[in-house]
Amino acid sequence: MQKNRILFYDSDNRNRRDGVRILAASGSQVIAAKSLRELESLSLQYKYNLYILDIEGHKHLNSKGLLQPEPHAIIMAKSGLNSIYPYLENMERFTNFIAKDRHNRLSSRDLLGTVSKILHRDIFGMKKYLGWGAHTMTFHVRDSENRQEYIECLKDQCRNMGLRRSILNDVETVTEEFLMNAIYDAPVDRQRNRLFNHLKRTNRIQLTPEQAARLEFGSDGKRLAISVTDPFGSITRDHVMSYLSKCFQGENITNLDDSISGGAGLGLYFCFNHVHSLIINVDPLNRTEFIGIIDIDSSVRESKKQKTNFHFFNTNNKSREFLLGDDHNEESDTATHPDSVA
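With numbering that gives the first Met the number 0, you'll find the sequence shown wraps up at 341, consecutive numbering, no jumps.
No wet-lab data here; the hints were simulated from the structure. Note that this is a predicted model, so its numbers are computed, not measured. Even for Gly, the Cβ is constructed at its ideal location relative to N, Cα and C. Please note that the accuracy of each hint is not assured.
[Said to hold, decoys possible] With a straight-line Cα cutoff of 25 Å, these simulated SDA-like cross-link-like pairs (lysine to any residue) come out: (1) 126 with 220; (2) 63 with 31; (3) 306 with 273; (4) 127 with 220; (5) 116 with 135; (6) 58 with 80; (7) 99 with 15; (8) 33 with 135; (9) 2 with 66; (10) 199 with 268; (11) 306 with 11; (12) 2 with 314; (13) 58 with 89; (14) 58 with 31; (15) 2 with 40; (16) 116 with 300; (17) 116 with 26; (18) 303 with 247; (19) 58 with 86; (20) 58 with 34.
[Stated by the list, open to error] Now the in silico label distances, taken between C-beta atoms and shown as ranges: (21) 297 with 197: 37 to 43 Å; (22) 103 with 160: 54 to 60 Å; (23) 43 with 23: 20 to 26 Å; (24) 160 with 63: 45 to 51 Å; (25) 202 with 103: 29 to 35 Å; (26) 191 with 158: 39 to 45 Å.
Working from the sequences, and respecting the hints, build out all of it.
Right, dumping it as structure tokens:
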């Protein structure tokens with residue numbers, strides 16, 4: 000069986016050694032450049048399935064016109080996504096950003112997990128981000144007026160874990176925004192017309208069982224994960240990039256039009272600032288999953304210094320065609336109450 004081939008570059012020698020070791024665990028052939036000149040040479044020698052480059056390496060290949068059109072690119076940087084976004088926003092194939100820690104180190108879990116999802120195209124499910132054996136809770140949400148009940152259930156679990164108030168606030172913000180999106184913004188009819196995003200968020204919405212949102216919550220003691228899935232798959236990578244760009248550029252976000260977001264809404268920006276990883280998985284016209292990962296093992300001080308990872312995964316990699324399909328298959332979920340956990 001032919002191995003996937005990965006071109007890796009990080010200007011930090013330790014990260015380069017760690018990267019090769021981590022990526023070899025994916026069963027891939029890892030070709031690591033030690034310098035920008037070698038990176039340039041290696042980029043011409045082979046065809047690659049995936050680029051994993053720090054921002055310096057990506058800029059170098061891009062300036063030389065040496066980035067092959069097909070491979071995904073995972074961008075790594077110590078600075079936050081907002082600081083390098085002006086460079087990345089116009090790149091149609093940019094979908095994955097991994098933030099290094101304050102010591103400029105890579106996370107093996109984040110790197111290997113991202114690579115596995117891209118190469119194996121198994122993109123859905125938040126358990127990929129938790130340690131083996133982590134317990135999760137699942138609810139099916141249909142009524143907009145019951146959102147707070149689900150949120151309080153999740154906060155109770157956090158209290159049982161002894162988590163600090165700031166983490167409870169993060170959980171509340173992220174869960175509320177994910178559910179608001181799934182209930183008000185994501186639903187579309189068979190002609191792709193949005194059903195509810197013109198309504199005030201105080202209006203009650205009752206979804207059918209086929210439209211229900213799936214809320215999942217869990218932790219492995221180091222990370223806490225929140226996932227909300229809708230059966231519509233109506234959000235696109237381009238909409239997400241456009242919306243984050245406006246927020247990063249400091250536009251008056253209270254005046255931004257939620258309807259252009261394709262199902263993300265203003266809450267996307269709020270969520271980005273309350274998690275350590277924001278992951279969006281899309282099966283176009285079938286399913287969207289928003290996942291927020293919160294680090295609960297770090298101190299308040301360390302947590303505030305962490306930058307947010309961002310990932311957008313999709314099953315066909317054609318973001319501009321997400322809303323052009325002829326078929327709209329819906330998944331059926333059975334709505335349940337917080338007292339009934341799957």
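- Tell me, which hint numbers fail for this structure? Hints 8, 16, 22, 25 not satisfied by this model.
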